[in-house]
Amino acid sequence: MRTELASEPGDPARPNEDFASVGLPASGQGGVVVVLDGVTPPRGETGCLHSVPWFTARLGGALTELTVSLPDVPLGEALSRAITRTAEAHTQTCDLSHPRTPQATAVVARWSPQKVEYLILSDSALLLESPDGTITPCLDDRLARLPRASLATDALIDAHIRNKEGGFFTAAADPSVAARAVTGVLPREEVRALAALTDGATRWVEKFREGDWGDCFTFVRKEGARGLVDRVRALERADAEERTCLGRSKTHDDATVVYVEW
1 MRTELASEPG
11 DPARPNEDFA
21 SVGLPASGQG
31 GVVVVLDGVT
41 PPRGETGCLH
51 SVPWFTARLG
61 GALTELTVSL
71 PDVPLGEALS
81 RAITRTAEAH
91 TQTCDLSHPR
101 TPQATAVVAR
111 WSPQKVEYLI
121 LSDSALLLES
131 PDGTITPCLD
141 DRLARLPRAS
151 LATDALIDAH
161 IRNKEGGFFT
171 AAADPSVAAR
181 AVTGVLPREE
191 VRALAALTDG
201 ATRWVEKFRE
211 GDWGDCFTFV
221 RKEGARGLVD
231 RVRALERADA
241 EERTCLGRSK
251 THDDATVVYV
261 EW
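Taking this note's numbering, the leading residue of the sequence shown gets 1, the next gets one more, and so forth.
These are calculated hints, taken from the structure and not from any lab test.
Backbone N, C-alpha and C fix where the C-beta goes; we use that ideal spot for every residue, glycine too.
Every clue listed holds true.
Ranges of calculated distance between the beta carbons of each label pair, as one might list FRET restraints: (1) G224 / A155: 40 to 46 angstroms; (2) G47 / W262: 38 to 44 angstroms; (3) Q114 / T251: 40 to 46 angstroms.
Between the sequences and the hints, there should be enough to build the whole structure, so can you do that?
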């Protein structure tokens, strides 16, 4: 089995808000990938004493432990339990009802000799490769489908879009959000490799148009997880002059890629 993991902060001076893990049970019969992309809040009050990296580490650690140790528990239920466990760790000190309480997108993939299960919540991505080389992107595209006008201001997003019906959902403090995730199960023999990417890495496809999801997967297999992150950074640097001329600040996002092949 080949496994690769690369994760890099968008700004070396700031903590990486992504979380990634690969769990391989001692039985050697399966494994789990967990990738979270912490949501960077705008300036201002969040109702929480804790940082986004604190939250993603807590949630990611709980989700990894639960999905590995409880293989018969569905991924949605595991995410619900992990959210509950994380909320309990700071409910006495923080206002978890605040719309900007720490939160994250989530990608989880778990495989056994019989099946491959997956869960996606918000705008990170999971790519699955079949034995014939077909690449299937598993996406939660609710955020991408929203009218741009509905995302005009942070206040508008918080009041009407974030974790609201008709909007998009992230893993925050409400365990019921797990039921909103995109989930699926495939026979193990229909998947030979997978890649999980946060949106800082999916820029290769979605922002810079270097290729489609199949091209992206091929790039990761050939150049590795680190190779994709490095390529995105190079594209961002090349784009910096144009973005500066347009009056937009230079933006790098935390970027994480996990690749597994069996």
